[in-house]
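Student: If you read the sequences in order, they're chains A and B.
Counting from 1, one number per residue, gives the positions in the first sequence under my numbering.
Counting from 1, one number per residue, gives the positions in the second sequence under my numbering.
Worth flagging that the hints you see were computed from the coordinates, not collected in a lab.
Please note that the accuracy of each hint is not assured.
The list treats identical chains as one, so a pair stands whether inside a single copy or across any two.
[As the list claims (entries may be wrong)] For lysine-lysine, the following DSSO-like pairs were computed, each having C-alpha atoms within a straight-line distance of at most 27 Å:
no.: 1; residue 1: Lys194; residue 2: Lys216
no.: 2; residue 1: Lys28; residue 2: Lys357
no.: 3; residue 1: Lys63; residue 2: Lys194
no.: 4; residue 1: Lys59; residue 2: Lys148
Number of protein chains: 2
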Amino acid sequence: MVVYDLEKIGSQAAHAAFILSQLTTVQKNQALLALAQELREQAASIIAANETDLQASQKLPSKFLDRLRLTPERIEQMAVGIEQVAQLPDPIGEVTRGWVNHAGLQIVQKRVPLGVVGIIYEARPNVTADAAALCFKSGNAVVLRGGKEAIRTNLQIGQILRTALQKLALPMDAIQVIRDTSHETANQLMQLTKYIDVLIPRGSSRLIQAVVQHAKVPVIETGAGNCHVFVDQTADFAMAEKIILNAKCQRPAVCNAMEKLLVHEKAAAEFLPQVAAKLIAAGVELRGDAQVQQLLGQQVIPATASDWDTEYNDLILAIKIVPSLTAAIDHINQHGTKHSETIITNDYQRSQEFLAKVDAAVVYVNASTRFTDGFEFGFGAEIGISTQKLHARGPMGLVELTTTKYQVRGTGQIRQ
Amino acid sequence: MVVYDLEKIGSQAAHAAFILSQLTTVQKNQALLALAQELREQAASIIAANETDLQASQKLPSKFLDRLRLTPERIEQMAVGIEQVAQLPDPIGEVTRGWVNHAGLQIVQKRVPLGVVGIIYEARPNVTADAAALCFKSGNAVVLRGGKEAIRTNLQIGQILRTALQKLALPMDAIQVIRDTSHETANQLMQLTKYIDVLIPRGSSRLIQAVVQHAKVPVIETGAGNCHVFVDQTADFAMAEKIILNAKCQRPAVCNAMEKLLVHEKAAAEFLPQVAAKLIAAGVELRGDAQVQQLLGQQVIPATASDWDTEYNDLILAIKIVPSLTAAIDHINQHGTKHSETIITNDYQRSQEFLAKVDAAVVYVNASTRFTDGFEFGFGAEIGISTQKLHARGPMGLVELTTTKYQVRGTGQIRQ
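Model the full assembly from the supplied sequences, consistent with the hints where possible.
Tutor: Here it is as structure tokens:
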């Protein structure tokens with residue numbers, strides 16, 4: 001693992017990926033259980049490495065340090081997480097389609113691993129174990145490039161997982177942590193088309209955009225969520241209030257939290273004052289357009305044009321009154337990030353129109369945007385939430401870490 | 001269409017894409033039939049534009065001019081091609097998965113259009129009509145940037161199709177041909193992430209690599225095929241010969257043509273001299289490794305290291321003798337372009353091993369590599385052959401021009 005040569009890391013990963021692609025589900029699951037066990041047994045060494053990382057980052061904000069900090073409980077969670085991945089169905093080998101063509105060729109399309117997955121992430125050491133387990137289960141080698149503040153922790157986790165693989169006579173290069181956390185090395189990783197099949201950035205929208213802008217390796221864009229809730233005139237206001245408080249306040253820093261509230265003008269006078277009071281009581285700063293200001297007065301700060309395109313990731317909510325369902329849909333399609341969008345309505349026709357016309361990974365009727373999540377969807381895991389349209393859209397589980405290959409069985413067919 | 005402002009073209013395309021995404025299958029099919037009819041009626045104007053293009057390119061090689069030339073028959077083929085696309089099943093709206101999650105949310109994953117598809121291609125005006133029809137049927141707006149030598153022809157075809165859409169009160173910006181064929185404009189198109197959802201380059205590997213290297217818009221890499229046929233010791237030699245002649249000679253310039261022949265050392269002495277004679281009779285230049293040279297003498301040119309990585313797209317074949325199935329698989333995985341690979345064998349176990357271990361879009365047993373094609377696969381159409389692993393792999397039909405969106409129906413669920 002003490003290797004700075006990315007070409008070498010890439011080549012090792014590709015070699016390991018080939019071996020991984022041929023393992024059975026039982027072999028992979030047994031290995032995952034061994035990885036979890038090794039993490040538990042070596043927990044003290046991770047805590048020690050993490051302590052050094054924390055000391056080096058003392059001056060950073062406490063929110064940041066909280067994400068960086070590992071405790072025995074958090075390491076136990078990591079181990080349990082790996083064991084849960086072992087329990088998930090293996091997507092590899094699934095026949096997704098199959099038919100006989102005009103020439104009598106038997107064609108099947110089968111799920112196979114992508115090959116080598118690169119993960120670029122920030123100083124959250126739990127991602128190291130989590131991503132390694134998901135990639136391993138789906139038969140992919142992984143190259144991990146985490147934030148520099150967590151480097152000692154990440155290397156220690158990586159070393160433990162690699163040692164566990166080695167004990168099982170499995171390729172330790174299936175899991176590699178890049179020791180050099182410089183931007184130059186990250187940039188090199190983004191150009192390594194020869195070995196890396198896909199890059200998945202996880203973290204802030206700044207990180208993700210940097211990867212999208214610089215990578216030549218295919219990227220799955222994850223993350224940014226400027227999510228809207230639209231309260232239609234026919235909404236059940238009690239339901240709307242409950243959903244809005246959940247979507248905004250339950251965990252405001254995440255991408256599936258609500259950032260904008262649109263209210264039909266026929267619902268505004270009755271609905272807005274009551275929900276505004278609750279939001280303010282929950283500590284939410286409200287910003288509003290002119291109509292909202294008229295209705296709520298000093299309770300709201302005037303919203304500026306840039307508010308409608310901003311993902312706050314904080315206890316801030318911008319509110320807009322719209323004259324129609326069409327105006328709501330237009331606003332969402334213009335300002336949204338195609339992540340998660342909700343209508344609260346009791347009108348069948350309008351629910352259908354919202355579902356059909358809003359362009360987003362997940363479109364909801366009468367539910368919180370917070371459900372856009374691999375675990376909530378029932379995937380049992382999540383490698384990220386794709387906000388792009390190619391390959392995967394929405395929460396990504398194991399299936400999204402696969403590609404397919406056609407296997408064609410003939411009896412000597414040639415093309416006419 | 002007389003617009004050089006790519007931002008404007010992109011914005012128009014996005015607007016048209018929204019309208020297209022809401023059309024019914026019947027509306028799309030009727031429009032396609034009208035497009036075909038309009039092409040027929042205006043064929044003379046296309047021939048005239050094409051004549052001007054041909055005159056301006058007089059000095060180019062005849063092979064090039066042949067691809068550029070349109071005849072009344074070729075225009076009729078275009079029209080028939082569009083009518084065939086109208087007959088294909090519409091992938092839009094298909095529910096690919098659906099379930100109820102732990103909270104009682106009804107989740108369905110539905111096929112929806114990608115949005116705006118950019119096509120960058122060379123001087124083959126048939127691609128203009130072909131790609132426009134496939135994108136239209138799959139509910140996508142298309143922005144076409146063809147080779148400069150075909151610009152008048154492309155613009156005329158584009159104008160005819162746009163007029164037909166206009167007559168039907170459909171958005172003519174669903175089909176746009178970029179008039180400015182400069183490299184600068186092509187580069188701009190590759191950066192237009194705001195409006196273009198996917199770029200598909202079609203043409204030479206030089207063109208494709210330029211797009212892969214420069215684009216920030218997600219790209220589907222198509223094309224390069226350094227395809228192998230491996231003749232195992234248990235092969236039916238008559239079958240092997242038939243497949244090799246077909247894969248190499250039927251259409252040597254295309255990406256699914258065979259470029260390399262690997263022969264098991266136990267089969268070489270008996271098999272190689274006979275197939276070599278037939279290949280030479282068919283006008284194929286043979287290149288070989290040292291063992292092949294020993295066996296075939298003056299009939300083969302010595303192969304150099306670079307031969308194993310070269311896609312000739314011509315009547316040239318490099319031959320290598322390998323000591324084992326494993327050596328064949330290793331050679332293919334190291335030098336192949338992950339396009340189409342064939343084993344000729346009668347050994348069950350070895351056929352399975354080849355299918356499992358070769359990493360390519362299409363892996364064959366006892367069939368010609370030439371079947372890697374949307375029409376031969378039975379898709380009824382082809383927008384290209386993907387050699388990448390993300391989103392689509394192998395021949396791409398209408399389904400590969402779609403993405404999905406989750407529609408989630410709730411009854412007031414919030415996340416705990």
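Student: Now tell me if each hint is right for this structure.
Tutor: Hints versus structure:
| no. | hint | verdict |
| --- | --- | --- |
| 1 | Lys194 <-> Lys216 | both (10 Å within a copy, 18 Å between copies) |
| 2 | Lys28 <-> Lys357 | between (42 Å within a copy, 17 Å between copies) |
| 3 | Lys63 <-> Lys194 | neither (38 Å within a copy, 33 Å between copies) |
| 4 | Lys59 <-> Lys148 | within (15 Å within a copy, 58 Å between copies) |
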